[in-house]
Amino acid sequence: DQQVKQNSPSLSVQEGRISILNCDYTNSMFDYFLWYKKYPAEGPTFLISISSIKDKNEDGRFTVFLNKSAKHLSLHIVPSQPGDSAVYFCAASEYNNNDMRFGAGTRLTVKP
Amino acid sequence: ETGVTQTPRHLVMGMTNKKSLKCEQHLGHNAMYWYKQSAKKPLELMFVYNFKEQTENNSVPSRFSPECPNSSHLFLHLHTLQPEDSALYLCASSPLGQGAGGYTFGSGTRLTVV
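Which chain is which? The protein sequence lines are A and B, in order. Its first residue numbered 1, the first sequence is counted upward by one per residue in the numbering used here. Its first residue numbered 1001, the second sequence is counted upward by one per residue in the numbering used here.
No lab work stands behind these hints, which were simulated from the structure alone. Where hints are given, some of them may not hold.
Stated by the list, open to error - Restricting the straight-line Cα-Cα distance to at most 25 angstroms, the calculated cross-link-like pairs of lysine-lysine (BS3-like) are:
no., chain 1, residue 1, chain 2, residue 2
1, B, K1040, A, K71
2, A, K111, B, K1040
3, A, K71, A, K54
4, A, K56, A, K71
5, A, K56, A, K68
6, B, K1018, B, K1052
7, A, K54, A, K68
8, A, K54, A, K5
9, B, K1052, B, K1040
10, A, K5, B, K1040
11, B, K1052, B, K1019
12, B, K1041, A, K71
13, B, K1041, A, K5
14, A, K68, A, K5
15, A, K5, A, K71
Claimed, not checked - Simulated coverage check for chain A against chain B, where a stretch passes if three residues somewhere in it have a Cβ under 8 angstroms from a Cβ of chain B:
no., segment
16, 41–53
17, 99–108
All C-beta atoms in this analysis are idealised placements derived from N, C-alpha and C, irrespective of residue type, glycine included.
Excised from the complex, chain A in its bound form (with noise of 0.2 angstroms):
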């Protein structure tokens, strides 16, 4: 039961433009999301956050955006940088409960 989806394995864009990476949820119960972002030969390491409170959180060029009715996030690039190019993985979980459920990520690109 994947919980957690995202939709598209890969994507590429120019250094300096917008990445959009979405991430899609079934389990109305989730009120915690996270991107996570994973380099090779590295564990995932922790990105932005947001919670069902709101519907965006910003942290320098990294925007969350949650839309609860569609039960869809996305989290926003902007500009670009080669450096950005890595695994970006959603999460969702119920906040304060362990179990938090993983999309199967998305392999950004930034091309220079």
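On the provided structure of chain A, position chain B as indicated by the hints.
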């Protein structure tokens, strides 16, 4: 280094072998996790330990046996694995009750079953 250390980084084992993966954290976290990452699949939660007690086992086959002797160490004992068990095994830790944002992952063990 993230503060969560996994050893070994790479492991090749035969289907009849017995091996163990080790995870260690000194971040003061009270929850530890094993995740499995297979190619093109979501990270799969395998086991959760809170204060050394196993609180979740996501229908993981018995050929995977976790052990948590204290809140800083977590093991995954492997025996009679199948080739489809080849994957990246990730350990993570978090403060208990802090929500998922508090997860810190290790670099993983790349397991190949031959």
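Query raised in the report: Taking a Cβ-Cβ distance under 8 angstroms as contact, does the segment 99–108 of chain A have three or more residues in contact with chain B?
Result: holds (count 7)
Query raised in the report: Does K5 (chain A) lie within 25 angstroms of K68 (chain A) when you go C-alpha to C-alpha?
Result: OK: K68 (chain A) and K5 (chain A) at ~15 angstroms, within 25 angstroms.
Query raised in the report: Regarding the pair K1052 (chain B) and K1040 (chain B), is the alpha-carbon distance no greater than 25 angstroms?
Result: violated, 31 angstroms
Query - Distance restraint between K54 (chain A) and K5 (chain A), which requires alpha-carbon spacing of 25 angstroms or less - result: Distance ~21 angstroms between K54 (chain A) and K5 (chain A) Cα, so the pair holds.
Report task. Mind checking the alpha carbons of K54 (chain A) and K68 (chain A) for me, to see if they're no more than 25 angstroms apart? Result -> holds, 9 angstroms
Requested in this report: Verify the proposed pairing of K71 (chain A) with K54 (chain A), using a straight-line Cα cut of 25 angstroms.
Outcome: Holds, because 13 angstroms separates the two Cα atoms, which is no more than 25 angstroms.
Query raised in the report: Holds or violated: K5 (chain A) with K71 (chain A), Cα cutoff 25 angstroms?
Result: This hinted pair holds, its Cα atoms lying about 11 angstroms apart.
Query raised in the report: K1041 (chain B) and K5 (chain A): Cα distance at most 25 angstroms?
Result: OK: K1041 (chain B) and K5 (chain A) at ~10 angstroms, within 25 angstroms.
Query - Holds or violated: K111 (chain A) to K1040 (chain B), with C-alpha atoms at most 25 angstroms apart - result: holds, 22 angstroms
**Report entry** Annotated coverage of the segment 41–53 of chain A by chain B, confirmed only when three residues or more have a Cβ within 8 angstroms
**Finding:** Three-residue rule met by the segment 41–53 of chain A, so holds; n is 7.
Report task. Measure nothing beyond the straight line between the CA atoms of K1041 (chain B) and K71 (chain A); if it is 25 angstroms or shorter, mark the hint as holding. Result -> Holds: K1041 (chain B) and K71 (chain A) sit about 20 angstroms apart, inside 25 angstroms.
Requested in this report: Assess, step by step, whether the Cα of K1052 (chain B) is no farther than 25 angstroms from the Cα of K1019 (chain B), and give holds or violated.
Outcome: Given that 25 angstroms is the threshold and the Cα spacing comes to 21 angstroms, the pair holds.
Of the numbered hints given earlier, the model fails hint 9 alone.
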